[in-house]
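To convert a position in the sequence shown, counted from 1, into the working numbering, add 157.
Quick caveat, the hints were computed from the structure, so don't treat them as lab data. Treat each hint with caution, since some may be false.
[Claimed, not checked] Lysine-lysine pairs mimicking DSS-like chemistry, simulated, CA-CA at most 25 angstroms apart:
1) 382 - 611
2) 667 - 634
3) 695 - 449
4) 611 - 667
5) 471 - 556
6) 532 - 611
7) 473 - 382
8) 556 - 253
9) 695 - 631
10) 398 - 695
11) 634 - 711
12) 711 - 382
13) 471 - 398
14) 711 - 449
15) 667 - 382
16) 473 - 556
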Amino acid sequence: MTRITRRRFLTSAAFAGLGAAVGSASAFPSPSILTRPRTIRSTAAGNLEFRPYPVQRARGPHLLDWAYASDVRGDAFHSNITASAAGVTISDTEGKDEFAVEVRWNVEGFGYLFLTADNGGEFYRLPHAGRTTTLHLGFELARSRVSRNQRRLRHHTAHGYQPSRETRALLDLSEGLLEEATKSRGDAERCAAISQRALLHALHASELLELEKCRHDIGMQNPRKEFLFGCDARAFYEMDKDHFLELFSRAFNYATITHVWTDSDNLEDFEPAEGQFQFGMRDLMLGELRRKGITVEGRPLFWFHTWVTPGWLKTKSYDQLLSYVERTTRQVVQHYGDSMYAWEIVNELHDWANECGLRPEQTVELTRLACDVAKAVAPNVHRLVNNCCPFAEYVQLGKWSGQPALYPQRTPWQFTRDLVDAGVDFTLLGQQMYFPYRDIQDIALSLERLEQFKRPVQISEIGAPGGPTEYSIKLGKYSWPKEPYAWRRHWDEELQADWLEGVFTVAYSKSWIEAANWFDFVDPYHYIENGGLLRSPKGETKAAYDRLLALREKWNRRV
158 MTRITRRRFL
168 TSAAFAGLGA
178 AVGSASAFPS
188 PSILTRPRTI
198 RSTAAGNLEF
208 RPYPVQRARG
218 PHLLDWAYAS
228 DVRGDAFHSN
238 ITASAAGVTI
248 SDTEGKDEFA
258 VEVRWNVEGF
268 GYLFLTADNG
278 GEFYRLPHAG
288 RTTTLHLGFE
298 LARSRVSRNQ
308 RRLRHHTAHG
318 YQPSRETRAL
328 LDLSEGLLEE
338 ATKSRGDAER
348 CAAISQRALL
358 HALHASELLE
368 LEKCRHDIGM
378 QNPRKEFLFG
388 CDARAFYEMD
398 KDHFLELFSR
408 AFNYATITHV
418 WTDSDNLEDF
428 EPAEGQFQFG
438 MRDLMLGELR
448 RKGITVEGRP
458 LFWFHTWVTP
468 GWLKTKSYDQ
478 LLSYVERTTR
488 QVVQHYGDSM
498 YAWEIVNELH
508 DWANECGLRP
518 EQTVELTRLA
528 CDVAKAVAPN
538 VHRLVNNCCP
548 FAEYVQLGKW
558 SGQPALYPQR
568 TPWQFTRDLV
578 DAGVDFTLLG
588 QQMYFPYRDI
598 QDIALSLERL
608 EQFKRPVQIS
618 EIGAPGGPTE
628 YSIKLGKYSW
638 PKEPYAWRRH
648 WDEELQADWL
658 EGVFTVAYSK
668 SWIEAANWFD
678 FVDPYHYIEN
688 GGLLRSPKGE
698 TKAAYDRLLA
708 LREKWNRRV
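Using the sequences provided together with the hints, build the complete structure.
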């Protein structure tokens, strides 16, 4: 089967495979789980169309061939929305009265990113059945971003921030251009050209606005000596051990040690056969990292992704799976005791990584069980729930990690809300942030939504490409871009460093975010293409590694 990554997922809806569904009985004391019957009713209304008027000079593509809708909270939901060169059309929001549309649109000079059109913050409503309303896509994108910047500016200035002259100029310029575009709506092509310029300057203003506010907040607080700068530690066995420890401990005070199935007999496979755990290398890693004064997290206890879920696990009934979860949690957590700072209890269980075909209610009960057992065994060790796909595009496409979704899907926020409402006893919330084809303001807003759960947040996995390397070019592993650049320009090592600085700055500025973890440490052993901080196991550092050191030094020496 073709290896599917979340990065490829954002540009393709072609997934294959079908996993087995499992039973519903519980072997551990927990409520019976029944799926509520769904009454299908017609929710179709009139057509709302967003017509593009491409003004870009390059070859494109300029509009991705699929889009999705989001609700007033920002959660993606399933609808009949479609996208093509002719435009974006939606006529059935499946019961949502107000909504925004999320499209990937090329803004030359900034990037080919997902952008939100939300009617200037007022959201759209479908016209009545039998009617069609046509809107200008470029104008709606510009109007929505300019309006959002105005709201963010009011929010930030109410908390003591004042924009720089550059940011103020970009805000004013984008607002002025939007006014001109509004006056030109009778001429669609002219309106498109002016709207695109307004959107370009508004996007640059968005990022400056957010990063300046974050730096303002950092300047107002004491250095966060307790903040966890983290990275996965599997490079321990991918390069010379002593060289790894020297370079790793210079940049990081937090490490994650991976415990996953790989369905293959190698060091990375933590459980090559049921109940047979490979602790040896991980025990050695844990001891060496702790001797360097590095705080360590174990991860994950359970990750039901198509990449790693072994066949013997997929065939278990639900009550057999719960028995396995109870037994494995007890044995693994007990082995390490209090030597771990935290355990990642479940990873990506919000209806994305679900090879065992669990119903939504079952994912909540399984998470509860694992958290309860982990707390009973090691009450001083944190219990982290880790989520991926912060913008939940998969909800529109109806896909799990390796198969069509069998049940209606939730976003990470909705899954977390379900856990909290059910009283599941987790103490940390993790959110992955691999480059999501979104700008820094979108990232900041998505993270701010997590504060309401009243638990410390970790940005659990952060990653972005480093561009071509000598190694990848010589071995033919680097393919030349086939679409416009996603953010600022095509990826290179300095751009990777810029993105790292942006995300770490957002994280460090927010008191309720306790950790930011980069993935991965060394190329070519990466998840994101050339996403490591070292070019090779020889230890040549990239710009992103050096940038992180500089950030830590600057933030720590401030008085």
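Against the structure, the hints come out as follows:
no.: 1; hint: 382 - 611; result: holds, 21 angstroms
no.: 2; hint: 667 - 634; result: violated, 38 angstroms
no.: 3; hint: 695 - 449; result: holds, 21 angstroms
no.: 4; hint: 611 - 667; result: holds, 13 angstroms
no.: 5; hint: 471 - 556; result: holds, 18 angstroms
no.: 6; hint: 532 - 611; result: holds, 19 angstroms
no.: 7; hint: 473 - 382; result: violated, 45 angstroms
no.: 8; hint: 556 - 253; result: holds, 21 angstroms
no.: 9; hint: 695 - 631; result: holds, 17 angstroms
no.: 10; hint: 398 - 695; result: holds, 11 angstroms
no.: 11; hint: 634 - 711; result: violated, 37 angstroms
no.: 12; hint: 711 - 382; result: holds, 12 angstroms
no.: 13; hint: 471 - 398; result: violated, 36 angstroms
no.: 14; hint: 711 - 449; result: holds, 22 angstroms
no.: 15; hint: 667 - 382; result: holds, 14 angstroms
no.: 16; hint: 473 - 556; result: holds, 22 angstroms
Comparing the model with each numbered hint stated earlier shows that hints 2, 7, 11 and 13 do not hold.
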